[in-house]
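Throw the hints in and build the complete structure from the sequences for me.
Just so you know, we're using this note's numbering here: the sequence shown kicks off at 1 and counts up by one.
Calculated from the structure, these hints are not laboratory results.
Quick caveat, the model's predicted, so the values are computed rather than measured.
Just to be clear, a hint being listed does not mean it is correct.
Derived SDA-like pairs: lysine to any residue, alpha-carbon spacing no greater than 20 Å straight-line [what the hints assert, rightly or not]:
no. : residue 1 : residue 2
1   : 73        : 317
2   : 311       : 94
3   : 301       : 341
4   : 579       : 569
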Amino acid sequence: MMILFHAIRYYVSLSAVQVSTIRRSIDMKALSNMERIQIHQEVMMLLLSLYESKGKSFYYDDLFERDLHAFEKKTMEHNLIAIAHYLNLEMTDARIRLFSKKPMTPRTKDEHLLQNVKTALNQLHRHPEHFELLVNEVGNLLKLLSKNADPILFNTYDKDEEGMLKQKKVSKKDDLEKLMQLYERHVKSKKFELTQLIVNFYIDFLNMNIVSKHQELVALVLLYGLIAKDFSVFKYVSFFKYFLKEKEGWHSGVITASYYWASGYAQTDMLSRILLNLLIKAYEEVDDMAHEYVFEKELNKSNNIENSILKLDEIFSKEDLRKRHPNVSDATIDRTLKRLKDEDKIRPLGKGRSSKWQRIVQGNRKFGVEQLSLFNDWGHEPFFVKFKHFLNKYSSYMLWLGWVEDTMDIKKIKQLREETGLGMLEVKDALEKAKDDLDQARQFLKELNQKQAPSVRVASKGMTHLVILNDQAILFEVNAETDFVVKNPAFVEMVHRIGQALIQSQAITVKDALHVSIDGKRIEDIIALTGIVVKENIYLRRFHRIRKQFSQGFGSYIHQAGKLSILVILANPNPELGKDLAMHIASHAPTYLSLASLDPETIAYERFMYEKQQGPQSDVSFHHHLASLCLYQQPFIKNPDLFVSELVKDNPVIDFYRFELGQGIENKLNCRLDIPCDGSKISVTPIYGKEWNKMKLKKNVGKVDQIVRYVLALVLVVLAIVLPLWWLVIPAAVLVFTAIFSFCGLYTLFGLNTCKIEEEKK
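Now the structure itself:
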């Protein structure tokens, strides 16, 4: 009681100004008032979600360990680009990338600042877990980031000494040291949540004005260092990329917190929510990266290199592939480049190890001499036909000269060009033959594209797609001839338009789907017009509509822009479990649901196929093989110690669908698709046998015809020259003609016999 009495008397003896001054000196910092902070329910939910994701950090570190250096380089590049945009530096993204990849000599003040930021981030990146708030370490970081700024060395504030207020000059270094010691004490005490401590430290440091220039940047880098120390997610994704997206909200939160900071209570709730959402989004991105990484590890190395080429610039080098695949040998890269070159997907731009390569895309193929010739279509037709072709081909030039008048509706030409992307001459020719009828012109261009497209190349590329709407889902596959069509915006837009139209329709089969209308045009016609634009044959190959019950749930996954589309139906809705199972199905490719779901006929068929490939096998060996084909008997991809059947014990799988691009097309080199309209099984017909022999016969007969023409022309010239000596020429001419026609007959018969022999061999 005596102690309480003396304390009250001491407070009463002080003036009101003294009391307010003492409280202000106590409550000047946000970290000093951590006890007053109450965590709201929304922030609590975000914290639960964050630490659930953080628990996977060890898994990510083990998974990405081999490619950690590549991740760090990519993260550094994205960080520098985001910081440059955040500070409004006058630098291009290309210049910033050069700064991130190799040492550069700065030329401007902005480049000097970015160079300092890069050096500071490199120090934090080396060992982020060893970063500590020590005066010397933070001081070196401040000097590095603010080389051209003078530090504020002292601060003046009121201090009570024995009941008397005195102004005292205190070094900023001492204040900073006290702030850091207070932060470390709070961290060691474990009374407060870490992200809350980091945000309050950031507000304290920001309002202390340690340096006179770039104070906000210095505080932001310290904030990043503290976060990266305890959240390893930013080894793999860019912190500043996410921070740039939240720039406006963060500034509003800083203004609010700083306004109340001087009164002793900084309201940091808004900043805490932004930081927590940022961390959660970063972990979600890394989780998706991990799924993709695990899946790609099981793919063929050559396929991975091909996928990387699609992601690189149009012109690339072998060194670019080495950087993306440091663990792949040069021999594998060389084999892949040779294969893609043989498939006419890439071409070299020089010779030697350092030569560049170029992807071959639409509009990038080289033209031959015959395409540049003015009279390339002057064949063996009559002269008036040749002249008509010439007029049709160069009519636009004569229109420009005013030699002829154009009576065609220019609006129709414009409309057809916008729909097909073709040149004016091709569109005009189609309208002329269709007599200005747009529908007939479209049909003519469709038939023309099918004739011009190579018939010996199977349409096994393209993409699959998956759309879900309420209790319905659709899966379909659109095939084209090359991989590069997937990069064409017209093709991708067409696939998405088809998906949105089909999910809202009642179509069940491929035939029904082709007759669904989009803006008055059937899907069949839209596919044909897109084929004209991309110069390839395009087909709707497969289509499935799946319906679930109201109490059931869907899970889905689309891999690599449509190379795989997976749909899972669960007994109860669970999006996260559905996505994990879809990822598992994409990787392990099960054929059946479980062993219990197999009937005797299916088991007999699988045994026949297995022994056909492997020879006679024991029951145990076949049982292991059969179990590997069933989803329930497979080890779960995320936890190999757990079978899928154990994972879905409380939420079983009703069914699943796996659409793989080109699935079921066996001979992809020299075959074509026979695609029925009723949605039945796809068949592949190699063009050997009769059709192949007809093509060879046509080619041989064409050669004979050309030789005969040349020989006859030569004979006529010789006869014209030696006509005066007719009494000597006639016997010789008879012998020559006899020899020529005998040779032609024998050559033709030989060609026919060769085709017959080859047909018998086939």
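Consistency of the hints with the structure:
With a C-alpha separation of about 19 Å, the suggested pair residue 73 and residue 317 falls inside the 20 Å cut-off, and the hint holds. As the CA atoms of residue 311 and residue 94 are separated by approximately 17 Å, the hinted pair is consistent with the 20 Å bound. The suggested pairing of residue 301 with residue 341 holds, with an alpha-carbon distance near 17 Å, which does not exceed 20 Å. Distance restraint check for residue 579 and residue 569: the Cα-Cα separation of roughly 11 Å lies within the 20 Å cut-off, and the hinted pair is therefore satisfied.
In terms of the numbered hints stated before, the structure departs from none.
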